[in-house]
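**Q** Each chain, written out:
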Amino acid sequence: MNSIVKSLHRLILSNWRRVALGLASMALFLTIWSLYAAWLRADWPFHGTPSGAWEYIPYPWEVLEAFYLSIWSHPVSGLYMGEHVYASLKRIITGFILAFALAVPAGLLMGRLWGAEAVGKPLVELFRPIPPLAWIPIFLLIFGVIWGPIAIVFLGVFFPILLNIQFGARSVDPTLIDAARTLGARRLDIFTKVVLPFTIPYLMTGVTVGLGIGWMCIVAAEMLGAVGGGVGYFIFTTAGNSQYPYMYAGMLMIGILSILTTGIAGLFERRVSKWMGMR
Amino acid sequence: MDGNEVKVSISISSLSKVFTKEKKEVVALRDFALEVKEGEFVCLLGPSGCGKTTVLRIVAGLEDKTSGSVKLQGKEINSAGPDRGMVFQEFALFPWRTVRKNIEFGLDVKKVPESERTAISTKYIELVGLKGFEDSHPKELSGGMKQRVGIARALANEPKVLLMDEPFGALDAQTRNLMQKELLRIWSATKKTILFVTHSVDEAVFLADRIVVMTARPGKVREIIPVNLPRPRDRTSREFIEVRGKVLAELDEEFEKARAKELSPD
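Order-wise, the sequence lines are chains C and A.
Sequential numbering of the first sequence, starting at 82, is according to the working numbering.
Sequential numbering of the second sequence, starting at 20, is according to the working numbering.
Read the hints as simulated data drawn from the structure, not as lab findings.
No experiment lies behind these values; they were computed from the predicted model shown.
Fair warning: there could be bad hints in the mix.
[What the hints assert, rightly or not] Derived SDA-like pairs: lysine to any residue, alpha-carbon spacing no greater than 20 Å straight-line: (1) A:K158 / C:G163; (2) A:K129 / C:W356; (3) A:K158 / C:S252.
[Stated by the list, open to error] Restraint ranges, calculated between C-beta atoms of paired labels, are given here: (4) A:P249 / C:S95: 41 to 47 Å; (5) A:G151 / C:E206: 50 to 56 Å; (6) A:D271 / C:K355: 47 to 53 Å; (7) A:S155 / C:F248: 24 to 30 Å; (8) C:S88 / A:G151: 53 to 59 Å; (9) C:S88 / A:A268: 37 to 43 Å; (10) A:E281 / C:W195: 52 to 58 Å; (11) C:K202 / A:P251: 34 to 40 Å; (12) A:K210 / C:W195: 55 to 61 Å; (13) C:W97 / A:G151: 35 to 41 Å; (14) A:R204 / C:D254: 28 to 34 Å; (15) C:D254 / A:E281: 25 to 31 Å; (16) A:S134 / C:L341: 57 to 63 Å.
Each residue gets a CB set at the ideal place from its N, CA and C atoms; glycine is no exception.
Based on the provided sequences and hints, a complete structural model is requested.
**A** As structure tokens, then:
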């Protein structure tokens, strides 16, 4: 009993340290940022003549203010921040669903059948290293402004899911398959009752990684045009209008959205693994 | 069973197995022959690499034979099937399934209705002493408990024979002894035919009706030693030690042969 209390205490203490250190690093970052902005403008504690670049680096509170204002007003193409977020989320989710629907069966096949692996591997190895951003010009031409950005997200999400599930399917413990066979399982049973459940944690990892990359792609995808706005579109437009605090507010929004979606995916991943008794 | 009418369960004759490894042929088994009677407990014993596990895997249908014949109740075996239950050294439990769901795996495959499935799994959970652990996942169990699940899972399919591949090899000495006693209890309750692979002389003498000592590779039967001691057997009794000595002497010669072969250049 005493040891349980002790370990609980230690857990809280160690988490407190984490929180405190996290806050400290955040505070340090904001201080350096503020000082740099002040130096560019020759504000207190500095003096002299302001640098010409001062307007590129607003104060943190100016960014926060812009963030707040963009939620309640519409500085860019008459759309509230909520509408931009919605537009980007829609692209991410559509691209994600398409990538998931294709990557899962392809990864399973490539992980279990050497023929599928032999067919798929050269293609994967050829296309995977090409950054999704390199596809932007041609995708906008081929798929247009509606499906172009979605196709970019698709590429970003597709490979992490494919490779993770392929790896998972390949690493199924062969004695588990032996055991299933001696219990009367045939090919289809082995696939649905052994291979599939075994790969689920790997799939979840692929989803979490893929979502993060999806957010990286969305900004670039929205660069050349986005019907109905988008957070990436918001960033490029405000930058073009020299509304730098708003530009930073859009960047902050991307960070927050990415943390939220991958956080939810990660939570889901741990839940599923625990429920399945894998962790 | 009355008199001489003892039926043959597993019948293996002139069984050979050749593996091809990096274009080199390795003869694992040559002319292996054995008959296991219905309800009998037979241990396969031999130096490591002698092919005892290969024999078991061929009987299970997990491995193809090169030539020869393997029959279960007179029918030739060609592939894996639920009439031969197998218990693995590494337990091979499905980590995402609870104890009950692991035991029900074979019944799931056979699409046995749920109520019947539950009744069967409950019966075997009680038989192997896992009551109260039905909803645990394998990672929450000790090694001994895991192997109880492995045994129950194999039995739940009502196989004709139970094939056991060093099932207690991964357990500590105390648990191992306990599990041996438990297995004998389960054996006498279910009257299953058991073919049991081990490299422990002590384990073989404690468990088996007959011990099959195999030669070093290529593996074949060197000697079949019956153990005519009443159960429960006392490891410290004079008779036990006598049988043990006899088996050890046979085995030692094979160990020496295997070692000599390893040391001599090809």
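**Q** If any of the earlier hints don't hold here, list their numbers in rising order.
**A** 1, 2, 4, 8, 9, 10, 11, 12 and 16
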